[in-house]
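Trainee: Protein sequences appear in the order of chains A and B. Residue numbers for the first sequence follow my numbering, so the first one is 1379 and each next one is one higher. Residue numbers for the second sequence follow my numbering, so the first one is 1379 and each next one is one higher.
In short, the hints are calculated from the structure, not lab data. A couple of the hints might just be wrong.
[Claimed, not checked] DSS-like, lysine-lysine: derived pairs with alpha carbons at most 27 Å apart:
#1 B:K1682 with A:K1508
#2 A:K1660 with A:K1615
#3 A:K1682 with B:K1430
#4 B:K1452 with A:K1430
#5 A:K1615 with A:K1452
#6 B:K1615 with B:K1605
#7 B:K1508 with A:K1682
#8 A:K1430 with B:K1682
#9 A:K1657 with A:K1605
#10 B:K1508 with B:K1430
#11 B:K1430 with A:K1452
#12 B:K1430 with B:K1605
#13 A:K1682 with A:K1430
#14 B:K1656 with B:K1615
Everything numeric in this text was worked out from a predicted model, so none of it was measured.
2 protein chains.
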Amino acid sequence: MLRCSRCGRTYPETFRLRCDCGGTLFVEGREFGFSPSGYLDIRRYLPHLPVKGIIPFPVPAITPTSEIDIGGIKAVFKLDYLQPSGSFKDRGTWVTVAKLLEEGIGEVVLDSSGNAALSFALYSLPAGIKLHAFVSYDTRREKVLLLQQLGAVVHYVDGDRMTVHDRAMEYAEENGLTYVTHWLNPYFIEGTKTIAFEAFEQFGVPDYALAPTGSGTLFLGLWKGFKELRKMGEIDKIPRLVAVQASGYESLCERSPFANSLADGIAIPRPPRLEDMKKALKETNGLCVSVSQSETEGALSWLKRAGFLVEPTSAVVLAGLWNLAEIGEIPEGSSVLLPLTGSGLKLTQCI
Amino acid sequence: MLRCSRCGRTYPETFRLRCDCGGTLFVEGREFGFSPSGYLDIRRYLPHLPVKGIIPFPVPAITPTSEIDIGGIKAVFKLDYLQPSGSFKDRGTWVTVAKLLEEGIGEVVLDSSGNAALSFALYSLPAGIKLHAFVSYDTRREKVLLLQQLGAVVHYVDGDRMTVHDRAMEYAEENGLTYVTHWLNPYFIEGTKTIAFEAFEQFGVPDYALAPTGSGTLFLGLWKGFKELRKMGEIDKIPRLVAVQASGYESLCERSPFANSLADGIAIPRPPRLEDMKKALKETNGLCVSVSQSETEGALSWLKRAGFLVEPTSAVVLAGLWNLAEIGEIPEGSSVLLPLTGSGLKLTQCI
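Go ahead and model the full structure; you've got the sequences and the hints to work with.
Mentor: Put into structure tokens, the structure is as follows:
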């Protein structure tokens, strides 16, 4: 069942982006206890996912965690860039493609700064779903090349990330196609919530959970995953959620005058799920922190030396932790979950 | 305990590449039953690994499997390229670095066509171990760049893969440094054997297990892992092992006149563990198959369309399967394990 976060109206579990009232939708959590299966990949959480029938492939991984002490804080990095397309987005894509296959939807429209489209193309090609990917001209060339190799029809848009979003939506409407933006898609969040399930199985409940936050798909997935665990009676408390944003593109923190153009994955100044994110911040007594380009660079370099080859957007969580630790907002002795979202390894020309 | 595969002499579990008689070494398997821990990463198999004390990071993943029917054969792809450095080698590196840390070894020499050195650099930098990486001039430029960024001292050698091996060995000897070649290192095989443990937990014992086979680190790891499971009473039979080699570089199959230069990870015409590999083939009633460059290209393209972004060397297992299925050596109804070993995503300049 889908439920509107604004008016509470419910819908059957078919593919749908918004309530008729314009509100955003979430899939209602299952009512039974937490029951991971014996699988050692995302299918471990099938009992808690709206996936039935066809299993798309490749299958997303359970990703390892590595604990490092950072100034007395227990930082638990979760290597979620170790997914088939090189980003955590595979989790949401996988659930979404399962739902599209279930409904027999064969052609879709998506907009992305790169990773979401790449992820979708990787899963939609073997599933036989035709993808129209809307990207801006400044999307990294190697990502666009790979999109095309994976059979996506790439539509370039002259404009910023919000314009790309608008054009994709218009195109879908004009052509009677399904628009699958992860910015609104409730099934996408069902996939990202599994990061919370895994983290719980791997080391329990952290005091804080940080997420690079643009459209909020990871941030809201963490929120929903931990909330479901609480509802199922597995845990008592939910971590304080920390939205880490790129300076110049803040939607939750105060807007800064200088743009962090390195963290391109979260350069989303007006995300449609803003009210959901505000609610998550409020409910978890959460925090918002904004990081600059040079802070992102510093964190990226630190991560590389620690053995994590990630892309710049992933590094903001560490920069955010540094900032919050410095002002005492995250005190010594805390445990902190830091999902690393996107791989630093990208397409070479030989594949 | 280490045991020589030629004369049977044993040694304590310290870092050592060969027996005094010149024979190759293996770590003796543990004598108790199979007992995976609750971890959801490689630490799951700590009870069966010669790792004690310091745990190096990042921690290698448990990788997902995806099953696909190929002409009536159940092909189980194991996505082992989803490791922190982008290749299965992280498993062997991780165990090796743990052993080096245990012994306080702080400077080592390694030779590689790229992936092994990259993996080692990623783990040795956070561990504080200085790495001398010997590579040939035709090693892909982006791999060498990343090696340097990860603090490795890169030594270029003018010559083929065997010459690089000889130079590295000489340099280590002249400078009193530890030479850690994965071609001989028994601890490396302890890491790769965990692929067999995972595969067993994920879907049981396949009829056949294929491996891209140059130096034999994966091939021998699969052999040892399944043998240990049998010794522990978990399984009755061991899969028939299939060594898939690159044409022109065969050490087990008959040498072809045309070189497959695309599968550069297994272009190793005279591997030092050749006798071990022959024994594995004989004991498991195994097979050897050689694949050409165009067959590798075809398999790579198929894999991309199936959602697996791998490098050319990884594609040889599929080409090998096609060849063996065509001549009836792998019959319909068989189940086949196909580890995919290296990522097709490589370094971009922005990290």
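Trainee: For the pair we were handed, K1615 of chain B and K1605 of chain B, check the Cα-Cα distance against 27 Å.
Mentor: 9 Å, holds
Trainee: Is it true that the CA of K1508 of chain B sits at most 27 Å from the CA of K1682 of chain A?
Mentor: 16 Å, holds
Trainee: Do the alpha carbons of K1508 of chain B and K1430 of chain B lie within 27 Å of each other, as the hint requires?
Mentor: 21 Å, holds
Trainee: Below or equal to 27 Å on CA atoms is what counts here, so check K1682 of chain A against K1430 of chain A.
Mentor: Not OK: K1682 of chain A and K1430 of chain A at ~39 Å, beyond 27 Å, violated.
Trainee: Regarding the pair K1615 of chain A and K1452 of chain A, is the alpha-carbon distance no greater than 27 Å?
Mentor: 18 Å, holds
Trainee: Within a Cα-Cα threshold of 27 Å, do K1682 of chain B and K1508 of chain A meet the stated pairing?
Mentor: 16 Å, holds
Trainee: Would you mind confirming whether the straight-line C-alpha gap from K1430 of chain B to K1452 of chain A stays at or under 27 Å?
Mentor: 22 Å, holds
Trainee: Sort out whether K1605 of chain B lies within 27 Å of K1430 of chain B, counting only the CA atoms.
Mentor: 23 Å, holds
Trainee: Would you mind confirming whether the straight-line C-alpha gap from K1430 of chain A to K1682 of chain B stays at or under 27 Å?
Mentor: 25 Å, holds
Trainee: Need the status of pair K1660 of chain A, K1615 of chain A: alpha-carbon distance at most 27 Å?
Mentor: Cα-Cα ~14 Å, so holds.
Trainee: CA of K1657 of chain A to CA of K1605 of chain A, is that 27 Å or under?
Mentor: 13 Å, holds
Trainee: Given the hint that K1452 of chain B pairs with K1430 of chain A, test it: the Cα-Cα distance must not exceed 27 Å.
Mentor: 22 Å, holds
Comparing the model with each earlier hint shows a violation of hint 13 alone; every other hint is respected.
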